[in-house]
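Chains as they are written, first to last, in the working numbering: chain Z, 1 to 348; chain U, 1 to 115.
Hints are computed from structural coordinates only; laboratory data are not their basis. One should not assume that every hint holds.
[What the hints assert, rightly or not] 25 Å max Cα-Cα, derived DSS-like pairs, lysine-lysine:
(1) K345/Z <-> K302/Z
(2) K15/U <-> K119/Z
(3) K302/Z <-> K257/Z
(4) K119/Z <-> K18/Z
(5) K18/Z <-> K113/U
(6) K302/Z <-> K335/Z
(7) K136/Z <-> K161/Z
(8) K15/U <-> K18/Z
(9) K161/Z <-> K335/Z
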Amino acid sequence: MHKGGHGGARLLVVDDNKVNRLLLARNLELQGHHVATAENGRVALEMLRREAFDLLLLDIEMPEMNGFQVLEQLVNDLHLRDLPVIVTSSLEGLDNVVRCIELGAEDYLTKPVNPVLLKARIDASLEKKRLRDQQKELVRRFATPEVAQHLQESGFSLGGKRVRGSVMFSDIRDFTPLVESQPPEATIDLLNTYYTLMFNAISGHGGIVSLIIGDGLMAIFGAPLPLADHCDSAVRAALEMIELIGLFNVDQAAAGKPQIRIGVGIASGEMVAGYTGTNERATYTCIGDTVNLASRLELHTKTADCPILIDGATRQGLRGNVELDTLGPVTFRGKAQPVDVFSVKLGQ
Amino acid sequence: MTDTAIHRATFEELKSTAGAEFVHELIDTFLAEAPVMLDDLRHALAMNDADRFRRAAHSLKSNSHTFGALSLGAMARELELGGLRSVRDADGAQLEALTLEYARVARSLTELKRA
Chain Z
1 MHKGGHGGAR LLVVDDNKVN RLLLARNLEL QGHHVATAEN GRVALEMLRR EAFDLLLLDI
61 EMPEMNGFQV LEQLVNDLHL RDLPVIVTSS LEGLDNVVRC IELGAEDYLT KPVNPVLLKA
121 RIDASLEKKR LRDQQKELVR RFATPEVAQH LQESGFSLGG KRVRGSVMFS DIRDFTPLVE
181 SQPPEATIDL LNTYYTLMFN AISGHGGIVS LIIGDGLMAI FGAPLPLADH CDSAVRAALE
241 MIELIGLFNV DQAAAGKPQI RIGVGIASGE MVAGYTGTNE RATYTCIGDT VNLASRLELH
301 TKTADCPILI DGATRQGLRG NVELDTLGPV TFRGKAQPVD VFSVKLGQ
Chain U
1 MTDTAIHRAT FEELKSTAGA EFVHELIDTF LAEAPVMLDD LRHALAMNDA DRFRRAAHSL
61 KSNSHTFGAL SLGAMARELE LGGLRSVRDA DGAQLEALTL EYARVARSLT ELKRA
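Can you make the complete structure from the sequences, with help from the hints?
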């Protein structure tokens with residue numbers, strides 16, 4: 001696949017006319033690209049579904065399957081719809097150009113194609129593709145593949161919707177003294193390992209990390225995609241996080257490095273989930289009482305000296321067998337009513 | 001040699017961007033493919049197949065422009081845009097003219113290859 005720079009991209013040329021096909025392929029090869037060819041739309045789609053290409057150069061007037069039909073198929077194909085397409089055609093009429101652009105073509109070049117113009121258009125398209133790939137990579141890094149795909153499909157429109165789910169807050173106990181006791185590089189190193197482990201546990205149970213602040217994180221189970229057993233998933237993720245930290249501490253101790261402890265709070269119920277921010281910068285998050293409660297529960301783990309605390313709604317939502325200790329009602333700041341708090345027993 | 005069938009500046013530019021040797025191969029391909037397109041036009045006319053007629057004319061137009069065969073390109077363009085009916089109305093006279101012009105182009109391209 002194409003990486004950085006503009007030489008050496010893999011391009012597919014589709015044209016039923018042999019002279020056009022050979023000439024276009026030649027011009028592109030002279031520009032340093034790797035070129036494959038297809039003689040009609042049907043063959044091209046087969047190749048696109050079999051091999052990876054960085055860009056498609058598409059003729060319109062072709063037998064079996066014409067260029068318009070190829071564009072329609074690409075738009076509806078999740079794996080191919082981001083593939084940049086430059087239409088090269090000698091079809092006349094502005095309406096044809098408009099139709100191609102409306103169907104998602106990036107550009108339209110009239111044949112015979114001027115090689116200098118061709119190079120400029122291809123370089124621009126490849127650069128755009130590189131940026132799009134980078135964006136996808138960013139999304140992938142912050143979400144599970146399913147969620148990333150959902151985000152790609154639904155777009156990033158601002159605005160929320162009501163969902164039922166579980167929210168988790170987690171942070172490192174006594175982090176400040178730890179930071180002060182070691183060089184900053186060691187702290188960043190520790191945080192990176194810590195986050196890798198936490199992300200693994202969370203996304204492994206279908207959650208997404210929506211927020212990272214310092215040593216703390218917020219994760220959502222049940223949005224943007226619904227999760228039938230979001231309470232179980234959140235609790236199982238929390239148990240795995242504690243277990244992973246245990247293993248991490250064994251390594252830390254062996255290397256003579258400081259060990260860490262974490263606290264996790266989970267609350268469940270209705271919340272508003274969606275993108276907030278501006279069109280320039282937005283983040284996926286959840287807001288509402290459930291979120292506040294999860295944060296309070298996480299803080300309360302210090303007082304209660306229990307690593308995982310959950311609320312009554314999470315307990316009621318549990319489908320699997322999870323052993324709990326009842327801590328009784330606790331009155332949190334900002335909450336009028338006391339809340340039933342339960343501690344999840346470790347090692348289950 | 002004065003050559004009215006091929007616009008020399010267009011042809012020379014093709015040679016300088018794609019390379020002389022490659023253009024020779026491209027001429028061979030065209031000389032093999034163009035008669036098929038002409039056949040296609042005749043068949044489409046006989047079968048009253050407007051789509052096939054338009055596609056063949058379109059293809060011939062496109063290739064003519066590539067080599068600088070401007071007259072041939074213009075004639076093919078008229079067929080592409082004018083469609084089957086106008087040719088039928090004229091009893092295929094345009095196809096005859098097109099075939100003659102193609103023969104001129106083929107001769108010129110063969111000479112250019114040798115030059």
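Right, here's what the structure says about each hint:
Straight-line distance between C-alpha atoms of K345/Z and K302/Z comes to about 16 Å, which keeps the hinted pair within the 25 Å bound. Between the alpha carbons of K15/U and K119/Z the distance comes to roughly 18 Å, so the proposed pair stays at or under 25 Å and holds. This hinted pair checks out: K302/Z and K257/Z have alpha carbons roughly 23 Å apart, not beyond 25 Å. About 21 Å separates the Cα atoms of K119/Z and K18/Z, which keeps this hinted pair within 25 Å; it holds.
The suggested pairing of K18/Z with K113/U holds, with an alpha-carbon distance near 19 Å, which does not exceed 25 Å. Proposed proximity of K302/Z and K335/Z is supported: the alpha carbons are some 19 Å apart, at most 25 Å. Restraint check for K136/Z and K161/Z: the C-alpha separation of about 23 Å stays at or below 25 Å, so the hint holds. Proximity of K15/U to K18/Z is assessed by CA-CA distance (about 18 Å); at most 25 Å being required, the pair is judged to hold.
Between K161/Z and K335/Z the alpha-carbon distance is near 24 Å, which keeps this suggested pair within the 25 Å criterion.
Every hint from the earlier list agrees with this structure, and none is contradicted.
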